[in-house]
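There are 2 protein chains.
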Amino acid sequence: MSTTFTPEDRTAPAGGHEAGGNVTLINSFVVDPGRDEDFHAAWYETSRYFIAQPGFVSLRLHRAVNDDAPHRWVNVAVWESEAAFRAAHMTQEFRRLVSQDKWQAYPSTPVLFEVVTAEGEAS
Amino acid sequence: MSTTFTPEDRTAPAGGHEAGGNVTLINSFVVDPGRDEDFHAAWYETSRYFIAQPGFVSLRLHRAVNDDAPHRWVNVAVWESEAAFRAAHMTQEFRRLVSQDKWQAYPSTPVLFEVVTAEGEAS
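So the protein sequences, as listed, match chains X and R.
In terms of our numbering, the first sequence is residues 1 to 123.
In terms of our numbering, the second sequence is residues 1 to 123.
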């Protein structure tokens, strides 16, 4: 494969200033429908690392109902602060996990967000 | 403007079968940083319609921390069922709202998902 995804490619870019309160990672993955099981296993292993890190709040891994969606799998993860989120992406263990060959099959677009408007109890 | 976004463009495509339990809409918007305020006003008006519909559970409107994100605004909305979600997108009022000229400035990619893995309390 000519493209190699680095740990930096797997980390949401920073903005002009660090967000203060809770932040939300929305990470969209391109996964061939025939590889769903392998993707989920790789993602699950990595998620065990993240949920054990300081400042982790929650995650929801979603799969699209339609197979032709541009990104069929999307992870929405909440962290207590951007600082905690960044710290979890700067460890040797993070680099080891996402540098594994099996991850090369799944391009991803990690973007960090702040919540602007909220209605209802999240479930 | 040569492209016109129809109400159908504003509705997440269906899959091969209707999802049973809760579903999550992840709707990504392209918004020029200079139009954030106008976008939020248009989105907010439309969101008042959705939160009053049967089966609406919650929503979180997110703005990216970095201005060069591919989609700077993303709405994550939970519905009790795909049937309720579809019904809310088949009314005259929905069509009227998203057919307004002001919406033409904001391309969107609405995709419907099911949650596969969840950790922690959503906030």
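No lab work stands behind these hints, which were simulated from the structure alone.
Remember, predicted model here, so these are calculated numbers, not experimental data.
Ideal Cβ positions, reconstructed from N, Cα and C, are used throughout, including at glycine.
There could be a bad hint or two in this list.
[To be verified] Residues of chain R clear of chain X, computed beta-carbon distances all greater than 10 Å:
id, residue
1, PRO13
2, PRO54
3, SER58
4, ARG60
5, GLU82
6, ALA83
7, ARG96
8, ALA105
9, PHE113
10, GLU119
[Claimed, not checked] Facing chain R, from chain X, some residues (calculated, C-beta under 10 Å):
id, residue
11, ALA19
12, PHE56
13, LEU61
[Claimed, not checked] With beta-carbon atoms standing in for the labels, derived distance ranges:
id, chain 1, residue 1, chain 2, residue 2, range
14, R, PRO70, X, SER99, 34 to 40 Å
15, R, MET90, X, GLU8, 40 to 46 Å
16, X, GLN53, R, GLY16, 34 to 40 Å
17, X, SER123, R, TYR44, 45 to 51 Å
18, R, VAL30, X, THR4, 15 to 21 Å
19, X, GLN53, R, ASP38, 33 to 39 Å
20, R, ASP67, X, ARG95, 36 to 42 Å
21, R, ASN66, X, GLU93, 22 to 28 Å
22, R, ALA52, X, GLU37, 38 to 44 Å
TODO: List, from low to high, the hint numbers that the structure doesn't satisfy.
DONE: Hints 1, 3, 4, 5, 9, 10, 14, 17, 18 and 20 not satisfied by this model.
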